[in-house]
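First to last, the sequence lines map onto chains W and V. Counting the first sequence from 1 gives a position; our numbering is that position plus 122. Counting the second sequence from 1 gives a position; our numbering is that position plus 122.
Derived by calculation from the structure, the hints in this document are not laboratory data. Only a predicted model underlies this, so the values are computations on that prediction, with no experimental measurement involved. It is possible that some hints are incorrect.
Calculated cross-link-like contacts (lysine-lysine; reagent style DSS-like; alpha-carbon spacing at most 25 Å) [claimed, not checked]:
1. V:Lys298 with W:Lys200
2. V:Lys203 with W:Lys301
3. V:Lys244 with W:Lys244
4. W:Lys293 with V:Lys203
5. W:Lys184 with W:Lys244
6. W:Lys244 with V:Lys147
7. W:Lys184 with V:Lys147
8. V:Lys203 with W:Lys291
9. V:Lys200 with W:Lys244
10. W:Lys244 with V:Lys203
11. V:Lys200 with W:Lys147
12. V:Lys301 with W:Lys200
13. W:Lys301 with V:Lys302
14. V:Lys291 with W:Lys298
15. V:Lys301 with W:Lys203
16. W:Lys298 with V:Lys200
17. V:Lys298 with W:Lys203
18. W:Lys307 with W:Lys293
19. V:Lys298 with W:Lys244
20. W:Lys244 with V:Lys291
21. W:Lys301 with V:Lys244
22. W:Lys298 with V:Lys244
23. V:Lys244 with W:Lys302
Derived list of chain V stretches under chain W, where covered just means 3 residues or more per stretch with a C-beta under 8 Å from a C-beta of chain W [what the hints assert, rightly or not]:
24. 157-166
25. 221-235
26. 254-261
Virtual Cβ for every residue (Gly too), placed ideally from N, Cα, C.
Number of protein chains: 2
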Amino acid sequence: MTEQRDSVRTRTTLLRLGHRIARDKRVTTHLFLAARALGMEAAVYSGTRDRNIEETIMEVCKSWGGIFSLQYTDDYRKFVKEWRNQNRTVVHLTMYGIPIREQIEEVRNNHADKLIIVGGEKVPREIYDLADWNTSVSSQPHSEVSALSIFLHELFEGRELEKEFVGAKQKIVPQKRGKKVVQLKHEDSRDV
Amino acid sequence: MTEQRDSVRTRTTLLRLGHRIARDKRVTTHLFLAARALGMEAAVYSGTRDRNIEETIMEVCKSWGGIFSLQYTDDYRKFVKEWRNQNRTVVHLTMYGIPIREQIEEVRNNHADKLIIVGGEKVPREIYDLADWNTSVSSQPHSEVSALSIFLHELFEGRELEKEFVGAKQKIVPQKRGKKVVQLKHEDSRDV
């Protein structure tokens, strides 16, 4: 998939801070699904471990293809510091940061692997300091799913929407009206 | 706010189908917040009426400004049909639709007020037929919050991020690190 690599060049990992099972279940799921659909390689989350979400995401990957890993960390500080120690960069999405349109070119021109951090109700001050870029997608209260999606769309300049998902068992054929899903056979050969 | 009117020309209303209080509470809230933050005028929802969400959104509007209305409908079919009868257009965001990049120019060039519909688990076939455009933001399963956000970002070509929110009581001053919020006084004069 050389083409895919070229079209979405920067490798990105999402870090979701402070997941709470009851309250965040669906929003965190949406975050991970958006991350996968919009060209990220991986997601990591802190807070409370949630096996249901992990299963949901893995089911989606199995069915719809693509390579996307999801892991839990009980020490996000250590995770971020180790990330930085390997000369990779960190973007923190926050409504308090610098507007994306003033910053995205600089981020885009940096070809290091990127960790994209999204909160959590209260993001500790340390994260603002550890980030190379504190970026806002509007300075209004809205949604980390929304902020992440627009950020990725800007980072990849829309090419993330052309991404191919290798090994998918099914695929949508776009329609003007209605739904068309085709089942793909190639995946079966792995069991032979 | 002539400038605002010019920069985000098309008037858009969100229709969220089939809200369920327990399951959708936070995702629907995120949808409405994203709609408001990204330049929509109004949102309407069907399913179960949820006063908590209505209050949350109105609190945000009071505090952060802007004009955004939220209403409930117990008959979304009627609502959509009446919308269409007034020569306004309808976009249905669905993973089964035509890719946004193939369709957005046509949508953008249509200056009628737009209803943007997002599901709900199962969207009835009728919606696909009533829509002028069934548009997909990636043909992968992800998030209606994500799809709406990227759609609006494409529709308004990024200008939605420059929107001013009139009558705000507070405003963020973007920072490289940390948070800065200023309290605005003008709102008080309304009480005099």
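Outcome of the hint check:
Distance check on the hinted pair: Lys298 (chain V) and Lys200 (chain W) sit about 23 Å apart at the alpha-carbon level, within 25 Å; holds. Of the pairs offered as hints, the one joining Lys203 (chain V) and Lys301 (chain W) holds, with about 22 Å between alpha carbons and a cut-off of 25 Å not exceeded. About 34 Å separates the Cα atoms of Lys244 (chain V) and Lys244 (chain W), which puts this hinted pair outside 25 Å; it is violated. For the proposed pair Lys293 (chain W) and Lys203 (chain V), the alpha carbon gap of about 32 Å is over 25 Å, so the pair is violated.
In summary, the hint linking Lys184 (chain W) to Lys244 (chain W) is not supported, as the alpha carbons are separated by about 34 Å, beyond the 25 Å threshold. Between Lys244 (chain W) and Lys147 (chain V), the direct Cα distance comes to roughly 20 Å. Compliance with the 25 Å bound is thereby established for this hinted pair. With a C-alpha separation of about 28 Å, the suggested pair Lys184 (chain W) and Lys147 (chain V) falls outside the 25 Å cut-off, and the hint is violated. Taking the CA atoms of Lys203 (chain V) and Lys291 (chain W), the gap is about 37 Å. The hint is violated against a cut of 25 Å.
With a C-alpha separation of about 42 Å, the suggested pairing of Lys200 (chain V) with Lys244 (chain W) is violated against the 25 Å cut-off. Proximity of Lys244 (chain W) to Lys203 (chain V) is assessed by CA-CA distance (about 43 Å); at most 25 Å being required, the pair is judged violated. Taken as a hint, the Lys200 (chain V) and Lys147 (chain W) pair is broken in the structure, with Cα atoms around 33 Å apart against an allowance of 25 Å. At roughly 23 Å between alpha-carbon atoms, Lys301 (chain V) and Lys200 (chain W) fall within 25 Å of each other, so this suggested pair holds.
The suggested pairing of Lys301 (chain W) with Lys302 (chain V) is violated, with an alpha-carbon distance near 47 Å, which exceeds 25 Å. The hinted pair formed by Lys291 (chain V) and Lys298 (chain W) fails the criterion: a straight-line CA distance of about 44 Å is larger than 25 Å. With a CA separation close to 22 Å, the supplied pair Lys301 (chain V) and Lys203 (chain W) stays within the 25 Å bound. Distance hint between Lys298 (chain W) and Lys200 (chain V) is fulfilled; the C-alpha atoms sit about 23 Å from each other, no more than 25 Å.
Restraint check: the Cα-Cα separation between Lys298 (chain V) and Lys203 (chain W) comes to about 19 Å, which is no more than 25 Å; the hinted pair holds. At roughly 11 Å between alpha-carbon atoms, Lys307 (chain W) and Lys293 (chain W) fall within 25 Å of each other, so this suggested pair holds. With a CA separation close to 18 Å, the supplied pair Lys298 (chain V) and Lys244 (chain W) stays within the 25 Å bound. Pair hint Lys244 (chain W) plus Lys291 (chain V) holds up; C-alpha atoms about 22 Å apart against a cutoff of 25 Å.
Restraint check for Lys301 (chain W) and Lys244 (chain V): the C-alpha separation of about 12 Å stays at or below 25 Å, so the hint holds. Between Lys298 (chain W) and Lys244 (chain V) the CA atoms are separated by roughly 18 Å; this keeps the pair inside 25 Å, and the hint holds. Between Lys244 (chain V) and Lys302 (chain W) the CA atoms are separated by roughly 15 Å; this keeps the pair inside 25 Å, and the hint holds. Counting residues of the segment 157-166 of chain V whose beta carbon lies closer than 8 Å to any beta carbon of chain W gives 3, which meets the minimum of three for the stated coverage.
With 3 residues carrying a beta carbon less than 8 Å from a beta carbon of chain W, the segment 221-235 of chain V meets the three-residue requirement, and the given coverage holds. Here's how the segment 254-261 of chain V fares: 5 of its residues keep a CB closer than 8 Å to some CB of chain W, so the rule of at least three is met and the hint holds.
Checked against the numbered hints above, the structure breaks hints 3, 4, 5, 7, 8, 9, 10, 11, 13, 14 and satisfies the rest.
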